[in-house]
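Taken in sequence, the protein lines are chains D and E.
Each number in my numbering comes from the position in the first sequence (counting from 1) with 796 added on.
Each number in my numbering comes from the position in the second sequence (counting from 1) with 54 added on.
It is worth saying that the hints were derived from the structure and are not from the lab.
Warning: the hint list may mix true and false statements.
From chain D, some residues computed to sit far from chain E (all C-beta separations above 12 angstroms) [to be verified]:
#: 1; residue: R803
#: 2; residue: K812
#: 3; residue: M820
#: 4; residue: I822
#: 5; residue: N882
#: 6; residue: E884
#: 7; residue: T922
#: 8; residue: N979
#: 9; residue: N1011
Here are some chain E residues pointing at chain D (derived, C-beta under 10 angstroms) [claimed, not checked]:
#: 10; residue: G360
#: 11; residue: T408
#: 12; residue: E411
#: 13; residue: E472
Note that the structure is predicted; figures quoted are calculated from it, not measured.
Ideal Cβ placement from N, Cα and C applies to all residues, glycine included.
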Amino acid sequence: MVLHAKRYSLTLDKNKCTGCGICMEICPREAIEVTKTPKIEGEAAKPPTVAISEEKCTYCGMCETLCAFGALSIKINGEHIIPVVNSESFPQLIREITVDETKCGVECAEIEDACPLDLIKVSVHTPDGKEITGANSRLNKENLEVTVNIDKDSCPCCQLCETKFPDSAIRVEKIFHGNLRINREKCPEDCHDCLDVCPIPGVLYLLDDGKVHVNELNCIYCGVCRIVCPEEGALELNRTRIRHTEVRSGAWNKALEKLASTKAMTKELKTKSGKRLYESMKSRFPPEVENDV
Amino acid sequence: MMSEEPRVGVFVCHCGLNIAGVIDVKELIEYARTLPNVLVAMDNRYTCADPGQEEIRKAIKEHDLNRVVVAACSPRMHEPTFRRTVADAGLNPYLFEMANIREFASWCHPSTPKEATDKAKEIVKMAVAKAKLLQRLETMEVPVTNKALIIGGGIAGISSALDLADMGFKVYLLEKSESIGGHMAALDKTFPTLDCSICIEGPKMVDVSRHPNIEILSYADLVSVKGFVGNFKVKIRGNPRYVIAADCTGCGECRDACPIEFPNEWDENLGVRKAISVPFDQAVPLVYTINRDYCIECFKCVDACGARQAINFEQEPEDIELEVGTILVSTGFDIYKPTDDSRYGYSRFDNVITAMEFERLILAAGPTGGKVVRASDGEKPHSVAFIQCVGSRDVNKYEYCSGFCCMYALKNAVLLKEKYRDDVEVYIFYMDMRTHFKGYEEFYRRARELGVNFIRGRISQINEDPKTKNLLIRAEDMMLGDPLELEAELVVLSTAAIPSKGADEVSRILSITRGADGFFMESHPKLKPLDTSVDGIFLAGACQGPKDIPYSVSQGSGAAARAATILSQPTWKIEPIIADIDSSKCRNVNAKCGICVKKCPYGAIKALENKAASVTAAMCHGCGTCVAECPTDAITQMHFTDAQILAQVRAALEENPEGKILGFLCNWCSYAGADLAGTSRFEYPPTMRAIRVMCSGRVDRDFVLEAFRQGAGMVLVGACHLPYDCHYISGNYKMKDRMDALARIFEKLGLSPERFRVEYVSAAEGVKFAAIMREMTEQLEALGPEKIKAENEKLRPTLDKMLSRKRKK
Ligand SMILES: Cc1cc2nc3c(=O)[nH]c(=O)nc-3n(C[C@H](O)[C@H](O)[C@H](O)COP(=O)(O)OP(=O)(O)OC[C@H]3O[C@@H](n4cnc5c(N)ncnc54)[C@H](O)[C@@H]3O)c2cc1C
Ligand code: SF4
Ligand code: SF4
Ligand code: SF4
Ligand code: SF4
Chain D
797 MVLHAKRYSL TLDKNKCTGC GICMEICPRE AIEVTKTPKI EGEAAKPPTV AISEEKCTYC
857 GMCETLCAFG ALSIKINGEH IIPVVNSESF PQLIREITVD ETKCGVECAE IEDACPLDLI
917 KVSVHTPDGK EITGANSRLN KENLEVTVNI DKDSCPCCQL CETKFPDSAI RVEKIFHGNL
977 RINREKCPED CHDCLDVCPI PGVLYLLDDG KVHVNELNCI YCGVCRIVCP EEGALELNRT
1037 RIRHTEVRSG AWNKALEKLA STKAMTKELK TKSGKRLYES MKSRFPPEVE NDV
Chain E
55 MMSEEPRVGV FVCHCGLNIA GVIDVKELIE YARTLPNVLV AMDNRYTCAD PGQEEIRKAI
115 KEHDLNRVVV AACSPRMHEP TFRRTVADAG LNPYLFEMAN IREFASWCHP STPKEATDKA
175 KEIVKMAVAK AKLLQRLETM EVPVTNKALI IGGGIAGISS ALDLADMGFK VYLLEKSESI
235 GGHMAALDKT FPTLDCSICI EGPKMVDVSR HPNIEILSYA DLVSVKGFVG NFKVKIRGNP
295 RYVIAADCTG CGECRDACPI EFPNEWDENL GVRKAISVPF DQAVPLVYTI NRDYCIECFK
355 CVDACGARQA INFEQEPEDI ELEVGTILVS TGFDIYKPTD DSRYGYSRFD NVITAMEFER
415 LILAAGPTGG KVVRASDGEK PHSVAFIQCV GSRDVNKYEY CSGFCCMYAL KNAVLLKEKY
475 RDDVEVYIFY MDMRTHFKGY EEFYRRAREL GVNFIRGRIS QINEDPKTKN LLIRAEDMML
535 GDPLELEAEL VVLSTAAIPS KGADEVSRIL SITRGADGFF MESHPKLKPL DTSVDGIFLA
595 GACQGPKDIP YSVSQGSGAA ARAATILSQP TWKIEPIIAD IDSSKCRNVN AKCGICVKKC
655 PYGAIKALEN KAASVTAAMC HGCGTCVAEC PTDAITQMHF TDAQILAQVR AALEENPEGK
715 ILGFLCNWCS YAGADLAGTS RFEYPPTMRA IRVMCSGRVD RDFVLEAFRQ GAGMVLVGAC
775 HLPYDCHYIS GNYKMKDRMD ALARIFEKLG LSPERFRVEY VSAAEGVKFA AIMREMTEQL
835 EALGPEKIKA ENEKLRPTLD KMLSRKRKK
């Protein structure tokens, strides 16, 4: 949006975007459209594409804060500003990623390869700061310092690094919690579209029965699988918890309503937010759900 | 009383020699005495002078007269005088009739005194025939609610509101947007004095909000208006702001907390405002509004508002009902955005803007802090071209001149020059520079002296240089006749002022008319520029046509004064010459009719299903159109009843009908035109016998049929010019439709076409009236009485049938 007084932009990094559609789900302006990529016979399914309407967008930044992959970025007059975060109208995802660098040896460089999104950079320095490549082949390994850099803003916290190297220096907590089930009856044979688009390898896998199975250990509950799945009801995704900074905000309640199961949301609403906000949201609950909790 | 035997007195005036110089008054009096029911006939040198009037009063008493006919000048001249005279003598003023023997006889037939006298006799005879059937009428009085509603809170509405409130009347000021102020509140400086617009309007806006007699109803829409002058019932819908006006202190803390920005319409979308905000700092009332289209419902504002608890997301629309005596319309104008005209490149090219957008840029409190910058790069332009008449004076778009664009372009050119001096080159492309009114031409000279370049020519195309985003203007220099190309870094379009968006809705709700250009129509372009066709509803400002600020303010005060003429009265008098429906005859009781409802130009008639139609007396203007249209003759126009007019027709045609032209002339135009022919002493043959009706819309088909049945040589219907001259909005059109159909019937029946004629004669066209008389008389003579008689004989059975069938129904 170009105004005489201000310039706004929202850019989407197509390399980071997986097409999960979380942004579309929560955008209050319906400014984001996620379209399935048409399938070509014999080829693997491709992730959906995302388009943003400049006309509808108000540059609030809700999408940016919730994109687990850090694919979106708002700029106002050239500066990176997220209005809803500045005003505490929206939480930020909590990415609890800790690196205990004291545990790191030069052999840690291998962990780089564990990240499916290529977000980990391990570098080895001499005490005077000179970077060393091929440290493993070096004889004198003492005195070398190892730093682990993780592009945290783009990390969906799949924990794959931790799973693959349980003893390593990296500890990750998931952002999204929930459950993902595949309904065997409905899941058609020979289809593995979900598997094709899942950004985290190993979460979905094929067994001899020709069907896709789930390993929830590393699932980030982004939901791109649900978008590409051709069979209604074959794939069921529930988010039960989202780790986020604390806010008192109706807008967040609304987003929660869209992202998480109603039950989970009611719980959060009742415990965390003020009663008044809960009251204001009450009308949106189907009555059974309310009684249920 | 009505059925009492009429006792008529006839008073013939000499008017010095004006009448007596041509007409044999003695003979006329003798003749009058022979007329049935005439008890006395006398003459006077000047009947309108005191002794003359006294004579009438005396005669009424002496002879117990209950009808009075004065044969003198035109009723347009002295009817009111003589009505008072008879009223003084205790007679109902409507039991008086005038015979116009001066303008219609002595003055227009001076060289044929014998024929003039014969004509005068028949004019008196017609007047007596009508007089015998006259009925007493009472002027109605309706109570007046002395409160006013003003629709539209621009500078015109503000001026009206303050004036009326200062006079002591309660005023409701209805404004559809969040703040009053209108366009003026968004302007930078104002021509020709260059004073800051909001600095002079702001205090007025505050006065409005503080005035104990004014209630502002902002952010609200007009829903319906019922009733009539003095007694309007108004429904208004207040839109929810989601902020409780009474609790909002205008502190703006909610705005600071709100994360959401959206383009500010008040800034012509050049800047932004928050989802909870006021459109501009000086807004009146200073109450914040949440735009729910953009609000994300984070409720940060609720927190910020805190203990004041002014924010309420559950607010519902509010229905407001008012009773007022008058309504002032001041809904202003809108600005044309030339997105549909590819020549200008507006909305395609970043650096082509409208003049209103320019106002917001150069305004210090505007979105750029007063910096004139280009959208493409945020840089200050070094050359600016103003293009005049964008959409205006364009037969394919808006034909009219928008009036204030020349002046505001000069203003903005001067402001640019004074701000950036030689750093900016300013061009104005114009067709004609229109700088009338006080101080405007001097301002034009100031612009020239400052070095503004004036190019007389119309634009053919604007193109954009894709690299620099500069604009290449192609035009034809009208002075030199050469094509011309000019590069400018910024182009400002002076776009047309157009009727405001809701104008059609307002016109429908209030039953006020709009002209072909879409602006509201005044009742009379010169003499009633502030009135509408509906009594009690007035216009002010740019809603009636583009107007600058001084003009709008004057109109605001003018309309307030017009409204006060009603508001200051405890009751309002309504002329009794109105339509009245006999419910026992109305067809709508048994069938779906409602013809009268459709034909009434004033929306004065209602016809509910299975109920007789009824006229709201205070809304009826007495044109009589419905009377002529009613298929069952259920409607009567007081003082112009069917019986009265038919009696005039028969009286006029009793003798030698083939040699006469029977005329039905509308009071305001054709009758006045005929008067003027007399006043101007245009001589024409004395063949016409004229019957006055208020509006040509009153001329019933039956009148024409009866005239031919009585053997008339010719019939003329005279009306005001189409399209707009009719004093009852559209009575002339209704008459035209009716008479066109009748003419087709006559054609089939073998009537010579020249024998039935409709003519449009204005009050200024005495020459035309006399010419028509000469032409028609020639045709009448050419046809000859024998042919006419023969045609009439042939016609008679059909006419008998047409008239009798109708009477029986
Ligand atoms: C670019 C530009 C520059 C100008 N510069 C000057 C100048 O320097 N000097 C000068 O003398 N004049 C100038 N003018 C002209 C000036 O703007 C007008 O003379 C003035 O605004 C007319 O006032 P108004 O009250 O009749 O109408 P408006 O200002 O249009 O006000 C009408 C009001 O009615 C409200 N309204 C409309 N419809 C409804 C409805 N249905 N219900 C309720 N409310 C309604 C509107 O919201 C508005 O508040 C300029 C005009 C333009 C476009
Ligand atoms: S939320 Fe998902 S779809 Fe949206 S930008 Fe991020 S990765 Fe792409
Ligand atoms: S910035 Fe806000 S409005 Fe724009 S796309 Fe993201 S969520 Fe939607
Ligand atoms: S609730 Fe709406 S108006 Fe209030 S602060 Fe949030 S976005 Fe702004
Ligand atoms: S048509 Fe004329 S006379 Fe009839 S009700 Fe309407 S205004 Fe009155």
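- prompt: Checked against the structure, which of the hints given earlier come out wrong?
  reply: Checked against the structure, the hints that fail are numbers 1, 4, 5, 6, 10, 11 and 13, while the rest are satisfied.
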